[in-house]
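Take the sequence shown: its letters are residues 1 to 229, numbered as in this note's numbering.
Just so you know, the hints here were simulated from the structure itself, not pulled from any lab data.
It should be emphasised that the depicted structure is a prediction, and the values quoted were computed from it without experimental measurement.
Glycine included, C-beta positions come from ideal geometry on N, C-alpha and C.
There may be inaccurate statements among the hints.
Stated by the list, open to error - Label pairs and their computed distance ranges (CB to CB):
#1 21 / 112: 35 to 41 Å
#2 62 / 121: 49 to 55 Å
#3 136 / 68: 37 to 43 Å
What the hints assert, rightly or not - For lysine-lysine, the following DSS-like pairs were computed, each having C-alpha atoms within a straight-line distance of at most 30 Å:
#4 66 / 97
#5 97 / 124
#6 68 / 87
#7 66 / 124
#8 97 / 68
#9 87 / 97
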Amino acid sequence: MAEEVAVIDHLSQGRTFVGFARGYQSRWTNTLGQHFGTRATKSPSAAIYNVQTTLAGFSQETQLQKDKDDDAHNRRIFEDNIELVVKAWTQESFTHKGPAWQVPYPYEAGIDDWPLARAGVTQKLGAPGEVDAAGVWRRASVAPAPYTRPHQRCSSPAPAVPRRSSSAADMASCRPISPRSPPPARCRSAIAASPRSTGAASPRSEPVPGALDPDRQDRGRRVGQDPRL
1 MAEEVAVIDH LSQGRTFVGF ARGYQSRWTN TLGQHFGTRA TKSPSAAIYN VQTTLAGFSQ
61 ETQLQKDKDD DAHNRRIFED NIELVVKAWT QESFTHKGPA WQVPYPYEAG IDDWPLARAG
121 VTQKLGAPGE VDAAGVWRRA SVAPAPYTRP HQRCSSPAPA VPRRSSSAAD MASCRPISPR
181 SPPPARCRSA IAASPRSTGA ASPRSEPVPG ALDPDRQDRG RRVGQDPRL
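All chains should be built: construct the whole structure from the sequences, respecting the hints.
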């Protein structure tokens with residue numbers, strides 16, 4: 001996902017943002033989260049502190065311990081996934097050890113049977129530290145790096161905003177969105193001026209200013225040049 005969104009960020013020249021949300025629909029979350037033991041959350045704390053989430057169907061008042069446990073585990077997995085994605089966007093190479101993911105796997109031993117590392121190719125074309133001196137794959141690298149620096153704008157519904165002050169909240173820079181919150185002023189202006197609102201022909205958009213980090217370019221994280229070989 002990190003790679004796909006980064007490619008879209010390049011194709012749109014920065015005209016993109018990312019939304020993260022915790023699963024609350026049981027038919028999907030229970031199915032897609034089965035390998036993580038994740039069930040849909042009823043966001044019981046959101047129901048207490050923000051009645052609008054209840055009215056919108058995003059939360060339910062509950063005091064059952066099972067529901068509270070499901071909510072806590074759902075959040076742990078959610079935050080672990082965000083942390084992993086943002087590492088992929090912002091670091092030349094990265095490791096990760098969380099409740100849902102380990103990079104590499106197994107984390108301590110690394111991956112010792114990567115053929116191109118044995119042939120010395122990854123050492124030459126990969127990211128710094130991706131392979132250690134013994135030819136063991138130790139760190140992951142995603143190409144390309146995002147067009148937007150340090151990464152695309154992120155938003156999240158208010159009940160799903162990451163809580164970890166030292167990691168997810170800082171790194172994801174998620175803008176909380178209430179279920180009934182109006183769009184930002186600049187978005188309202190754009191909507192009012194859009195062809196659908198005015199009936200005018202749609203002008204060709206000008207590129208959004210932006211550039212890749214030169215240091216990342218030097219290390220081969222440009223579109224079309226994959227350093228993971």
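Distance restraint between residue 66 and residue 124, which requires alpha-carbon spacing of 30 Å or less: violated, 51 Å
Straight-line alpha-carbon gap residue 87 to residue 97, limit 30 Å: The hint holds at about 12 Å.
30 Å limit on alpha-carbon distance, applied to hinted pair residue 97 and residue 68: holds, 24 Å
Hint consistency between residue 97 and residue 124 [alpha-carbon to alpha-carbon, up to 30 Å]: Holds: residue 97 and residue 124 sit about 26 Å apart, inside 30 Å.
Holds or violated: residue 66 to residue 97, with C-alpha atoms at most 30 Å apart: Holds, because 26 Å separates the two Cα atoms, which is no more than 30 Å.
Cβ separation of residue 136 and residue 68, checked against the hinted range 37 to 43 Å: holds, 41 Å
Whether the CB-CB distance between residue 62 and residue 121 falls inside 49 to 55 Å: holds, 54 Å
Residue 68 paired with residue 87 [C-alpha distance capped at 30 Å]: holds, 29 Å
Beta-carbon spacing of residue 21 to residue 112 - inside the hinted bounds 35 to 41 Å or not: holds, 38 Å
Checked against the numbered hints given earlier, the structure breaks only hint 7 and satisfies all the rest.
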